[in-house]
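Q: Sequence:
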Amino acid sequence: MWHSFTPSLELSSWPQGYFGILTVFFLHQRRLKLALTSYVIVDITHIIPILVLDIPIAPFVRSIAFQSINVLTAATVIALVRSIEPRITAMQRQAHQAQVLRTARQARLEAETTLLTDVSRRSRPVLEQLRSLTDTPSDTLVQMARRVEAELRDLIRVPRLASQPALVAAVRQARDRGVDVVQLDDSQQDTDLTITPPPLPTTLVDTATRMLHRAKNGESVVLRLCPQHSPYAATIQRRGAAGAIALERIRRAS
1 MWHSFTPSLE LSSWPQGYFG ILTVFFLHQR RLKLALTSYV IVDITHIIPI
51 LVLDIPIAPF VRSIAFQSIN VLTAATVIAL VRSIEPRITA MQRQAHQAQV
101 LRTARQARLE AETTLLTDVS RRSRPVLEQL RSLTDTPSDT LVQMARRVEA
151 ELRDLIRVPR LASQPALVAA VRQARDRGVD VVQLDDSQQD TDLTITPPPL
201 PTTLVDTATR MLHRAKNGES VVLRLCPQHS PYAATIQRRG AAGAIALERI
251 RRAS
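Counting from 1, position 37 in the sequence shown corresponds to residue 37 in our numbering; the numbering is continuous, with no gaps.
You may find that some hints are simply not true.
What the hints assert, rightly or not - Taking CB as the label site, the calculated pair distances span:
#	residue 1	residue 2	range
1	T117	M144	18 to 28 Å
2	D180	T114	19 to 29 Å
3	P199	L115	11 to 21 Å
In case anyone wonders, no lab produced these hints; they're calculated from the structure. Every residue, glycine too, gets a C-beta built ideally from N, C-alpha and C.
Produce the complete structure using the sequences and hints provided.
A: Here you go:
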């Protein structure tokens, strides 16, 4: 009922497929020596039985030929992909850089639009009074015009400081008392659109507000955001007729 079954060499050669997969894996990992070694090992393991048992070699040749075609096809595909991979990577990098620039330009355009809106809002009351003026401007109007001019100058020179309501209010009150307030931003020395301005120190507004509240008529306060190479993020100096009165140095966040 049961008969002995001796598989043909083609059926006995089923491990060649796994060796072919292993060879392709080594080729993908750029391990050429291991790929060749794997390929030679599978050939030797089939040649030895053929030589010892005197088995016909034709089935073995056909099986090896089929696996060689498979490996060669996979190797060709890998080589083609690697040949175009640098160009694809370069195109993706260029597309990413272009997107970053578009986003930065859009952000700058929005910031400029906001700046123009703020300039119009601050300057319109003074301009309307000047337009309707028929006589010599009053001292109040002159003082208001000078204050608006100083605030507009701050908007252009130090937009990050001018966006802090508490600091803006303290600067306005100090100027109304006769304090000369100068604000400088030396931290943004790079014109690259893709570089985000550094954040303001967390203690800057409180420290500057206290210094401005203490300043008296005839004194000056200089608030400066330091360059990137400085160990300090900002300095605040209060000066009087006799020279420096107080100096605050704000270190960078560690």
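Q: Does each hint hold? Answer for all of them.
A: Comparing the hints with the structure gives:
Look at T117 against M144: about 20 Å separates their beta carbons, and that is inside 18 to 28 Å. A C-beta distance of roughly 28 Å is found between D180 and T114, which places it inside the suggested range of 19 to 29 Å. With their beta carbons about 19 Å apart, P199 and L115 fall inside the hinted range of 11 to 21 Å.
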